[in-house]
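Visitor: Counting with our numbering, you get residues 1 to 597 for the letters of the sequence shown.
Since the hints were derived computationally from the structure, they do not count as laboratory data. Certain hints may be false.
[Claimed, not checked] Cβ-Cβ distance ranges computed for the label pairs, FRET-style:
(1) 387 to 359: 31 to 41 Å
(2) 140 to 534: 20 to 30 Å
(3) 405 to 171: 53 to 63 Å
(4) 269 to 369: 33 to 43 Å
(5) 544 to 157: 28 to 38 Å
Treat the numbers as computed from the prediction; the structure is a model and nothing was measured. The beta-carbon is built from N, C-alpha and C at its ideal position, and this holds for glycine as well.
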Amino acid sequence: MNTSPPANKAIRTLAISLLLLCLAARPALAQQPSPASGSAATFATVGLHDVVDAAGDLDDDAVTADRLVSFFDWLRGNDWTAISLDDIARAGRGEKALPAKAVLITFDDGYRSLYTRVYPLALAYGFPIVAALVGEWMAPPAGSMVRYGDRAVPRERFITWDQAREMQRSGLVEFALHSQSLHAEVVGNPQGNTMPAAVTRRYTPGMGYQSEADFAAGVRADLAAGRASLQRELGRAPRALVWPYGRYDGIGMQAARDLGFAFALVLDQGPSRLDQPFRLARLLHRHNPPLPDLVQSLRPDPNERRLDRLVCLDPAALWTDNAEASNERLGLAIERVRALGVTGLVVDAVRRDPQGQISAAWFPARELPLAGDWLSRIAWQMATRAGVKVYARLPHREALAALGDDARVQRLYEDLGAKVPLDGWLLEDTQALAMRFDGPPPLFAHRPGIPLAWSSWVIRERRQSVLADLGRADGIDAPGWRAFAALDAARPGLELLWVAPRHPVAAPHPLADITLVPRGVHDPVAEDRLSPVDPMLLRWFTGVAPPDARVLARQALDFQRRGGVSLGWCPDDPVADRPEAAIAAPAVSGSIFPVRR
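Work out the full structure, taking the sequences as your base and the hints as a guide.
Guide: Shown next as structure tokens:
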């Protein structure tokens with residue numbers, strides 16, 4: 001390291017002080033998780049932000065120094081190896097394999113604690129670090145203010161370029177780009193919701209939405225400017241891009257490739273993979289997690305079970321010609337969703353005429369009239385205020401019947417993905433997925449390395465295999481998969497929900513994140529009261545009208561006693577409160593899971 005002797009001595013003294021203070025307070029070492037299969041091809045990536053000394057100084061993204069030391073100490077004591085981007089590049093080229101227990105440690109935003117706390121610990125442990133910088137936060141001179149989110153903060157909250165150069169010279173800290181100015185939010189709909197700039201077409205009153213071409217050009221220009229800034233100040237161009245808020249799309253990824261980036265870090269679930277350098281998954285650690293939680297993130301469970309509570313929502317129930325009245329209804333619907341303990345909403349993306357045919361869209365679309373620019377408002381408000389996932393309901397066969405042309409249908413899904421912040425899509429009008437899988441699915445015989453596990457990242461890998469082989473896969477609903485591919489290109493990482501046929505389904509489908517098994521809420525259940533239920537299937541209560549709250553509660557409790565975990569219903573009436581939330585919630589809430597008796 002080419003620092004001056006006084007500076008070098010001060011840094012090392014600080015590192016020793018931090019270790020002595022924090023090791024004394026570290027918790028007992030957590031039990032080490034068992035290594036996962038195929039660990040040479042995968043590694044863990046952890047994402048951190050600021051480091052503070054006292055709990056009173058914490059914000060949502062910070063950790064305390066003693067907790068960070070405990071984590072580093074645990075890694076060292078349990079034979080984990082902190083790796084660098086060089087290690088990943090060599091392993092990707094086949095030159096040197098990664099160790100079985102490898103972890104990439106990253107810090108975002110370039111807080112001052114990167115230099116005063118993280119860097120000394122990196123020196124003390126010999127751990128390489130990847131640190132992501134936002135160009136516009138580094139540019140202002142000392143003594144000025146920096147626009148950080150929705151507030152102004154002193155420039156001194158972030159490191160200086162001199163400090164960055166010193167850390168880079170150590171050989172332990174490599175700097176990545178966190179964008180030049182995309183770590184911000186822009187107005188994304190007429191109602192004024194602000195959304196991540198890297199994936200949002202800006203809405204301007206009186207002018208409408210930013211065009212696709214302008215959006216793509218803006219993302220490319222931002223990444224080019226940020227890359228040039230780091231090259232100018234640090235003497236080398238960054239090879240890694242850390243997407244702000246973890247949000248990215250196909251347009252941004254292509255721009256990053258064209259500009260010469262070799263890695264892209266996101267916030268997808270699961271381990272990072274050597275064969276996917278542009279989607280290095282990492283878990284963002286927030287709220288100062290305890291050591292066991294930090295440790296658990298290193299080996300995520302490939303068969304982790306999920307608890308889902310899904311409810312349908314028709315935007316027409318909330319929409320009126322009066323914006324204030326519509327927003328009031330939306331607010332009441334959000335509070336009802338919270339009261340019911342719902343985890344996900346299946347929202348209609350289109351409006352139907354009295355005959356039930358698709359007639360208009362709830363989002364700006366090239367191929368359909370606009371019923372109201374309302375879907376993005378619902379999706380964003382539900383996600384940010386109610387904390388639920390939002391899944392679009394747009395049956396591809398009905399869309400084809402309405403539009404009459406595959407190309408027009410494809411454009412409809414492209415517009416949906418581009419304009420609406422979604423978490424997934426409901427595939428409901430096909431039975432092509434209804435194939436039996438008694439072992440590794442025949443469809444995946446050419447990829448025997450894909451395990452038959454149920455985590456979101458393994459399911460996603462299986463789906464990618466299908467999408468790559470659409471032209472030669474038998475028994476697959478190709479138009480449905482093309483619709484999903486169009487959505488996933490705009491919103492990578494989308495979940496796929498599949499409504500299974502009404503005949504008995506023994507296990508979840510290995511291509512769907514959630515397999516919904518439909519049943520009328522009033523259907524007799526005596527014949528299967530004693531039979532167990534696969535806990536990974538979702539019971540989907542359906543009917544012409546919303547279910548009666550008391551009947552729904554009885555059915556839900558019976559389903560849970562027999563091992564069922566996830567359930568939902570359709571339709572639902574948020575305006576009339578049907579089913580009544582106060583009556584149904586104790587039995588159906590995902591927040592207050594009932595005790596089995």
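Visitor: Hints first: check each against the structure and report whether it holds.
Guide: Structure-based check of each hint:
no., hint, result
1, 387 to 359: 31 to 41 Å, "holds, 32 Å"
2, 140 to 534: 20 to 30 Å, "violated, 56 Å"
3, 405 to 171: 53 to 63 Å, "holds, 58 Å"
4, 269 to 369: 33 to 43 Å, "holds, 38 Å"
5, 544 to 157: 28 to 38 Å, "violated, 57 Å"
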